[in-house]
Structure formats: C-alpha cells, structure tokens
Amino acid sequence: MHQAIVDRLKAQVTALKSVKGAAELAALDNRLTVEPAAFVVWLSDRPRGDGGQVTGHTTQILTSTYSVVLAVRRYADPLGGAMADDIQPLRDAVLIALLGWAPSGCQPFRFAGGEMIGLRDGEVWAQDRWITDTLYRGP
Numbered sequence: 001m002h003q004a005i006v007d008r009l010k011a012q013v014t015a016l017k018s019v020k021g022a023a024e025l026a027a028l029d030n031r032l033t034v035e036p037a038a039f040v041v042w043l044s045d046r047p048r049g050d051g052g053q054v055t056g057h058t059t060q061i062l063t064s065t066y067s068v069v070l071a072v073r074r075y076a077d078p079l080g081g082a083m084a085d086d087i088q089p090l091r092d093a094v095l096i097a098l099l100g101w102a103p104s105g106c107q108p109f110r111f112a113g114g115e116m117i118g119l120r121d122g123e124v125w126a127q128d129r130w131i132t133d134t135l136y137r138g139p
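Take the sequence shown: its position 63, counting from 1, is numbered 63 in this note's numbering, and each next residue is one higher.
What you were told as hints is all true, and nothing was included just to trick you.
FRET-style restraints, in silico, Cβ to Cβ:
id	residue 1	residue 2	range
1	S18	D121	14 to 20 Å
2	A11	T59	27 to 33 Å
3	G118	P89	14 to 20 Å
4	L119	D29	16 to 22 Å
5	R31	M1	28 to 34 Å
6	T59	K17	37 to 43 Å
7	G21	G105	16 to 22 Å
8	L135	T33	36 to 42 Å
9	G21	Q60	24 to 30 Å
10	W42	G100	17 to 23 Å
No wet-lab data here; the hints were simulated from the structure.
The beta-carbon is built from N, C-alpha and C at its ideal position, and this holds for glycine as well.
Construct all of the structure, not just a fragment, from the sequences and the given hints.
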C-alpha cells in the first residue's frame, strides 16, 4: 500500500517536487535538496477486535497508520515566521488527495491528526497521520 500512497500523491499533489519513502527520509543529511517534499512512512498495523469466523475462514481487521511528512523551505524567511502559511496549502492538497480514497483492498483513508515536527534553518516539517482498515482472511 505504501507505493500506492506515493503514486497517489505524485498524481494528485502537483505542487510537490518530490514524493519518497521512509528510506529516503532517513537518508537525508542536514538539508532538503528538493522541496517542497513529501515522505510516506508506514507507522503501524493494529488489530481491530478479536477477529472471527466467516464461512469457515478466520478473519481479522487491521487498522494501518501511515504518516505523510511534508517539508518546505523558505529562503527569505530563515526564522520560519511565515512558513506555516507555506505548508498549509500542501497539507490541504494532501487532505483532498487522501481523504476518502480507498486503495485496492482497503477501506477509505481517514485523517488521524497532524502536527509540526520541526522548524530549523528556514525549513518547516509537518506530519499528518492517515488510517485505513483492511479485512484479512486466513485459511
């Protein structure tokens, strides 16, 4: 599902110059090289309920949580006073792209909260969390 989210953001949020994954986020040195940027990170899978039996098969609903980390840089504003104004339109565009969108085999995505996670050297970083449910069937 990770790649489906990356592909969706690339197609729907054209203001983003880069959409990558957790490995690329972890590999960043100290500064963004391409921005505005988004990084899609899988955070968790949690079982919902105890599962059950449906027509002889064991079933389990998993709630998956993903983070979309956004980063922008404003060269003329190294202290970051106006950067919240720069990142909010990107957050809104991601909201439009993901809210209610259902990747194959999943329930529609729901917004699960967000926050600023960094502000330094003219860069602002925000993280929004997204959740979806998937029904798994065992043998």
